[in-house]
Structure formats: structure tokens, C-alpha cells
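**Q** Listed below, chain by chain, are the residues.
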Amino acid sequence: MNIDFAVLLIILFPLVGFLINGLIGSKLPKMMNAVIGSGAVLGSFILTAVLFFTQNETATVVKLFTFLNVSGLHVDMAFLIDRLSLMMMMIITGIGFLIHVYSSGYMHDDEGFYKFFAYLNLFIFSMLLLVMGSSYVLMFFGWEGVGLCSYLLIGFWFKNIDYSNAARKAFIMNRIGDLGFLMGMFMLLQYTGSLDYNAVFNFNLAAIPSEKLIAITALLFIGAMGKSAQIPLYTWLPDAMAGPTPVSALIHAATMVTAGIYMVVRSNALYVLAPATMEFIAIIGLCTALFAGTIALFQNDIKKVLAYSTVSQLGYMFLALGVGAFTSGMFHLMTHAFFKALLFLSAGSVIHAMGGEQDITKMGGLSKKIKVTFICFTIGVLAIAGFPFTSGFVSKDEILLAVYQHNVWYFYLAAAGAVMTVYYMFRVWILTFFGTFRGTAEQAHHVHESPISMTFPLMVLAALSLLGGLFQFPHVFGGKEFLNDYLKPVVSNLTREDDGAATKEIIILLATVIGLAIIWFITKKNYAVASFEGKYTGIKKVLADKYYIDEIYEALFVKPIAAISRFSDRIIDNKMVDGVVFMTGKMVTWSGTTLRYIQNGQTGFYLLIMVLAMAAIFAFNIFYKL
Amino acid sequence: MIALALILIPLLFGLITLVVKDTIAKPIALFSTLASLIMTGMGCYLHYSKSQLNLLDFQYFLGGTKGLLLFFSLGNIGLSMVLLSNLLFPILFLYHNSSAVKNNNAFLGLLLLIQAGLNGLFMAEDVIMFYLMFELGLVPAYLLVGIWGKGENSANISFKFFVYTLFGSLLMLVGIIYMIVQTGPAHATDFGNIIRFCSKLPLETQFWLSGLFLLAFMIKMPMFPFHTWQPGTYNAAPTTVTIVLSALMAKMGVYGLMRFNYQVLPQAFHELQPYLMTLSIVGVIYGAVIAIQQNNLKKLLAFSSISHMALMVAGICSATVIGVQGAVIQMFNHGIIICGLLLMVESIYQRTGTYDLSELGGLAKIAKRLAIILMVFMMASVALPLTNGFVGEFMLLNAIFTYSQIAAVIAGITIIFGAVYMLRMYQKTMYGPLNGKHEQVVDITLMEVGVIVPLLIVVIVIGVYPELLNKIIF
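Quick mapping for you: the protein sequence lines, in order, are chains H and R. Just so we're aligned, residue -6 is where the first sequence starts under the numbering used here, counting upward by one. Just so we're aligned, residue 96 is where the second sequence starts under the numbering used here, counting upward by one.
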């Protein structure tokens, strides 16, 4: 098959799925909804896989039509298929397919079943557009499209006003980032004359003044901060957990939130020329990783822990990008997509078993009751905790080594963050599956393993989480760095070959094993318990209450803007601006009623006015002629 | 010839509709609008294929070569607006519920007269015709708001609207007369000659002429701080008229700004650029900020319009090709979107009897079609890519950016605030618990959906392939 056609089909399958389920889905049986929705993504996945394994080092551009051609701006509706986009497409369609299958079980009793699949397919379409587009403009299309889907899916159960508030918050916070993205694009256009990747990266970028490059890259990064939930634009992501759990797994862990990473890696040619921005990215990433990690320590909602963990892991990816280890960032993006999707879906299976319960203080002892889920969740925990040779171990180590090269203090902080990761994941794991059951008797009776449609994706993801590290296994342990070679044509890493890497790898390995054991004993003692209140005081309460950041934003931005809006409406608009208009009207009426008296019908008076006026004109003339 | 037909059809049928019986008014009006639509379609096709362009023009001297020049052309930047106007009127008339309106014939007849005025204005190639058509729209609009308006003080509101905009157009008349005098004994009134004579006027003269036109157009759009007639009028007017005012008549101001201030008086425009830019950016934010806490659906859309219109002006103020083109494209697209939004608002009103957001909520549960269509128009309104709202806004912001980066950042806040007020509006109408009073509300009928579908198609087609619109109108 010709590649143009395959590319077209990859992006059209989910769109067609969306249209079918969206337009006539309500009239089809649920089975059909699920088959159409999942089948569309499976079709894209198969074609992507074919391209993935056959794509050589050169990029292919598939142009459909000219989107816009006006003075100074030419945008093609075209797709750029290279190894970077293919890697993203594999993750999106692969994990996307698994989550579609999972959803057919998870959402089975929901009346909006067809709608859910329609939205999911629309999301896959937008996400593919984001990574396949051949220019920043098309990336922006996908960028906003996934924002819309995120909005629709977070607020999927829209009767609950809190959920629709969360959806709104996500959209608006993303828009703040989007403003940066837009401005970055405009500036890029101003200096390179194009927004097409090939044109931009083939432009003599070194000729652009460095402060302009810093501005461009920083503005684009603001967009990434919104989409990938970095400080200060991260607060929407935990709230986004209001959406159904498959959504959290697909959109808010595995794919959409990594769009910011993709953007920076895609633009690596720009970023390497702007070291100040790179440093900024590293710092933001590190701060986010630590900050979100501390919040995750004492959350009692299973999905909230995973959400803050996602924010934190995204921070690690940006840290990697900031130190110039683009491939490591992409690698962690991939492994994180595996194990975080696994964790979310397993959590969904737990929630499903518990009849909608998300509070881990009311769980416990579930390991015997839902075995498959337990094993899968455990694999996810081990992977994210960095248990030796799991995917998370390999990818996180790569980042840590790259950070060590760049700045040793960043390394220590990042390592401390990794310790926190282990702690909060073990805490959730133990509170959920160990100790004794703390829920109601009714829940205890209800607990059951999920259907095969839900456990099958879990098993696949569990295998990937365990073995995903093999894509980029360190030499010292006898591996081969496939990903490095695969991405070489599209990214230029700033990391150096390190002679001491082998020693460091082994030290990290030992430290990890010891650390895991210690934390295991601490958390086991604290959380494998019969009763657990989950109430905290002092500094722990501050962490559990998320540093009150939401409240601070509310007081600093939301409330003042609402107050300014009301003030502008009632006082400025109604009283002042319209007041002047009203006064003008009054003056006209007043002068009309007053001047009316002049028109009194007496010829003598008119003559007098006439003479006076002539005299005035006469005087005026003399005065000016002089 | 097409130009003449596009004025005469609505004019004649409008006059006929005024005097026929109530019952047959709607078919006649509908026939007229469909005829205009077909003529417009032909015109667009000719302009697109760049063949037989002479058919688009009409030129005639009434009373000899020294007489009144009737000069209209469909081949200019007004084409997008002519297309919009002739596209919207049939939809409005199809959506129109005759039995709910007293003196239906007069109502529809006056609307047709407005259509004649709009078509004439956007095709006018001489300044006298421009002025006449400007006024031709005003009087019927005044009557429509005054007679058919809702609320106890609709008479006051329509009077304010009338006086305010008439004041503006009289200023414009003074300016036009002055300009014609400048052409000397030739007394040429076509734009070509006016530009030839007036663009070289001394700067001081250009300044005060500019001022006259600016005032007229800023009132018409309306633009901060001359907008206070608008929210009340939009609210009081029957929704059909609100749509005509916001989607079409407001654009007369932007269009006038391009033709007079930008083309005829370029030097003064250049000097005024920073001030006008500042004012329009203030307007962009001002309208958006007030819309955030509005509880009346129509007023909310009125303030959002103020914001959107100001962005177009800002784009023109950048004095770049992309800015002016962006404004032309956005004029068309904003018209489509605001029409769709207001039709949906009217559908909500007909079912619930209220425009008040605090009384609405939860409608998505019982009115799925309504919810979906409102969602599409809302997303177009917040300039989501692949809807028609995106292209124009992107071009406008880009143009503003090339003029001033700070200005672009401030104007760009509108993409945030726009999302804030539109999503709030959507949430308060569609999401959350349903008001107990509205449990009997029924979804919009398939007939109504059918009428809206052309607008939805435009939203998506222009969104996905904006180059099509470019090829037709430029």
C-alpha cells in the first residue's frame, strides 16, 4: 500500500468512528458502539505499526491540500511522518486501543456509552493530528482538539456541577498556556517566515538573535506547561480525575499530557540554541516533580495520588529535556505511558469492584479478592517505583544519569523525588491491597474481579511495564539502546558519552534495592493496618490539602476577575460610560428647551440679534486682519 | 447586473410584503431571499472562476452624466458580507415563527428592506450610494426594535439606538459632502475618484474628516466607549432583529472603517493608528470582562460581540494585508457564529421563557440536539481550530503581533476570557441540575435542526478548508 494512503487512513479511521458513533451511535447496540470505536483505533494501530517498522531515516510529508494561503502565512494541511511522530503514534493508537477495549467493560452500564466512544475516537483523531501535523499550526489544531475532548470527557457526567467545573477549569487553564503557544508561533513566523517544521528547521536558526530564540522557545514552553500540567498551570490535572477512569488513563496520563514533551522534542533544533530556556525547563520540571510528589504523599483518593504522580513524572520528563537528554525524555514518556495507564486502569478495576469507591481509607485487604487486578497493580507500582530492570527503572535511571552530568544538585533533588515516588506508591498499594478490609459490609459482599474486557488490557500493559525497558536497555546490563538509534535522525541530544556510566548504573541499582526494601518496611508498618483514618495534622495536613494552591488561585485570580467584571458592568459601563451618553442627551434637551425662548416671534428681537451678529463678524474680521 | 438584482429583489419584495396579507407574507419573503441567495451564488461563482466579472458590476448615471451615479459592484471586499447577508436571511425566515409575530407582513417587509440596504452598502462603489444604503438599514431597524421589541422600555431603548446611530451617520454625511466638494467641478462621487482627490488632503483636514467617519462607524459596530446603546437594544429587540443587528449591521461599521478611514484617508489613519489600536484593544478586553459575569444570555452575547468586533478593528489598525484580510474573513465568520448562537438562545427562550442564566441549567439532559448544536457554535466562538472561528482570529492576532507584541498579548487574553464566559454560559444552561420548571421542555425539532444545518456546514467547511472562502472573496 502506498504510504500516503496509509497515513490518510490512520487519521481518518478514528474520525469516521467518531462520526458513526456520534451521529447514529444511540440507535446501535452497545456491542456495535464498542466494536466500531475500538476497531477504528485498532485499524490505525496496525497501519502505524507497519509504518513504524518500515520507516527509514528520512521523513515523509503527505500533503492533502492548502489550508490557508494569505500574505505572509502559508499553511498546508499536511502530515509529517518521521520516527518521532511514528513513536508517538504507536503509543497513542496502541494504548488507545487497549483503553477502548477496557472502556467497553468499564462503561458498560452507562447510558452515554455510544457518546463515550465517540468522544474517545475524536480524542484519538485530535491527538494523531497533534503528532502527525507537519507544522506548528497543525500541532495547534490537535492541541486545541485534545483540549476540547478533555473538556467533554472530564465533564462526561455533567449533571454533577463539580465535574463540569473541573472540565471548565481544565479548558481555561490550558487556554492560558495556549496564549503562550500562539505568541510563540507568531514570533517564530516573524523570524523564520514559516511555521512548517521543515522550513523552520532548515532555516538558518543561528542567524536569529539569541534573545529572540529564548523568547520563542520560552513562549512555546508556556503552552507545554499548560498542556503537560507543570507549575504553575498544573492544578487542572488533579481535578480532571472527575472524568471516567479510562479517560484519566488515556488522556490524563498516557497521551495528551505528554503533548508538551512532544512539542519540545519536536522543536529540539530550536531549544538547543536557547540554553537559558533549557535551564528554565529543567528547573520547572524539577520543581514540579518535587512539589507534586510531596502533595501525593498524603492523598486519600486513589486517583488523586495517581494524578499528582503523573504531574510529578511529567516533571521528570521535562527535567530530562531541560538537560538536553531528549531521547531519555521520550523514553520515559513511553514507559510512563505503559505503567501509568496500567496503574489507572487497575485503579479503575478496583473502583469498579468497590462499587465506585475511590477513598483508600475505606479499602484494604483486596489482594485476595481481586487477584488479577492486584498482580497488575503491583507490577505498575514496581515499575513506577523503579524496581530493578522494570521499564520505570531503566527510563528513570537514564534521566538521573543525564541530570548528574548536567548538575549534581539537580541529581540529588531528583533522587529525593524518586524516593517520594516509592513512598506514595507503596502507601497506596498497601492501603488498597494489604491489611484488613475497611469498607462497608455491602461493599465486601459486592467486591468481584472485573470482566475479561477489562483485565485483558491490564495484562498487556503489565507485560509492557515489565519489559518496556528492553527498548533502551543499558549496555552494562547487556542491553542495546534501540530507541537511541531509532530517534537519532530526529533528535540531537546534548548529553555526553560518560565513561563512568557503568559504575554509576551499578551504584544506582544497589541504592534502589536498598531504598525499596527500607521504604517497604516503613510503609508496611504504617499502612498495612486494620483501621485507617487518613486524617492529618501539621505539615502533613498542609500537604494533604495541596498547599492550598487552589484556594490561593481562587483568591488571587478567580474572585478578583469576577469582581472586576461586575464592577465594570454596574459602575463603569452603566454609570460612567452610559452616564456620559445620558448627560449628552440631557444637555441637548436642556439647550433645546432653553434656546426655544429666543424664538419668540418678535421682529424687533430678531433684528437686534442680527445687528449684534453683524457687529461681531465685523469685529472678528478687523481683529484677524490686523 | 447581479449587483442591481441583489438590491432590487429585496427592495421590491420588501415593499410588496409590507402591503400583502399576513398569511402569505412569509412565502413571499422566503421566495425573495432564496432568489437573492441564488443570485449571490452565481455572483460568487463568477468571482471564484474569475470569468465574466463585468456581470458583477452595475453602473448608471441617473439624469445624465452630471446626475446621480448609481455604481455597485460585487467584486470588492464587500463580497464576503453580501454572501453572509444573503445566506443568513433565508435561514432567519425559515426559522421565523409567523404566528408568534403580530403584523407579520410588516415585520418581514422591513427586514427585507434592511437586506436591500445591506446588499447595497456592501456593494456601493460611490459615496452617495454608500450613505443612502447606510440609512436605508437604520429606519426599518429602528421600527423593528421599537414596535416589536420586548420589555416595558423598549420604546426608550430603540429611541436611544436610533438617535445614537443617526447622530453618527449625520456626521458621516458631513464628511461625505466635504469629500465630494474636494473633487472639484468633476463632482465625481465614485470611490476611485474620492480616493484620488482626498488621499492627498492636508493631514489636518484628513484628521477631522477621519474623526467624523470614525465616530459614525464606532457607534455602528459598536466600539467602546460608544457601545452603550447596544446591550439594551440586543436584549429588547426580537431575536431575528438582534441577529440582523449583530451579524450584519454591526459589520457596516468595520466595513466603513476599511473603505473610508483606511483607503480614503490613509495618512490620518497612519497617524491615528496607535490611538485606535489602544482603544480597540481596550474594547476587546472590556467587552470580554463584562461578559464574564453577565446573567442575561443576550446581553452576554452582546458584550462578546463588542469584544470580537474590537479585535477586527485592531487587526485593521495593524495596517497589514493579513490584518485587513483577517478582518474580512472574521466579519463573515463572526456573523455565522453569532447567528447560530442567537438562534439557539432563542430556541432556549421559546422553551423556557427566560434568558436568565440563574434560572437555566441541566438542559443537555432533555434537549440533546440543542446541546450539541450549541456546543458546536460555542466552540466556533472560542476560535477552536477546524471551526470557522479560528482562521480569522489567528490572522488578526498575528497581524496585531507584527504591529506590537504587547498589544497582541493583551488582545490575546481574549482567547482565555472568551473561553471563560462561553463555557460559563454553556455550563449554566446545559449542565448541572435541571430547573424543576423546565421538566416539560422538549428538544428542538428536526425541522429546526434542518434550518440550522447549513450554518453548521459553513462552520465546519470553512473551518477545515478556509482557503475556499479566500478563493471566493478575494
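What the hints contain is simulated information worked out from the structure, not anything from laboratory work. Quick reminder that beta carbons are idealized off the backbone N, C-alpha and C, glycines included. Heads up, a few of these hints could be off.
[To be verified] Among the chain R residues that face chain H by a calculated CB cut under 8 Å, a handful are: (1) Ala201; (2) Val384; (3) Ala459.
[Unchecked claim] Here are the simulated lysine to any residue pairs, SDA-like style, with alpha carbons at most 25 Å apart: (4) H:Lys205 <-> R:Ile123; (5) R:Lys460 <-> H:Ile545; (6) H:Lys528 <-> H:Ile545; (7) R:Lys463 <-> H:Glu104.
**Q** Could you run down the list of hints and mark each one as holding or not?
**A** Verification of the hints:
Of the supplied interface hints, the one on R:Ala201 is violated, with its beta-carbon coming no nearer than about 29 Å to a beta-carbon of chain H, more than 8 Å. Look at R:Val384: its Cβ gets to within about 5 Å of chain H, closer than 8 Å, so that hint holds up. The beta carbon of R:Ala459 comes within 6 Å of a beta carbon in chain H, closer than 8 Å, and the hint placing it at the interface holds. Distance check on the hinted pair: H:Lys205 and R:Ile123 sit about 61 Å apart at the alpha-carbon level, beyond 25 Å; violated.
Distance hint between R:Lys460 and H:Ile545 is unfulfilled; the C-alpha atoms sit about 34 Å from each other, more than 25 Å. Proximity of H:Lys528 to H:Ile545 is assessed by CA-CA distance (about 22 Å); at most 25 Å being required, the pair is judged to hold. Of the supplied pair hints, the one linking R:Lys463 and H:Glu104 holds, its CA atoms being roughly 13 Å apart against a limit of 25 Å.
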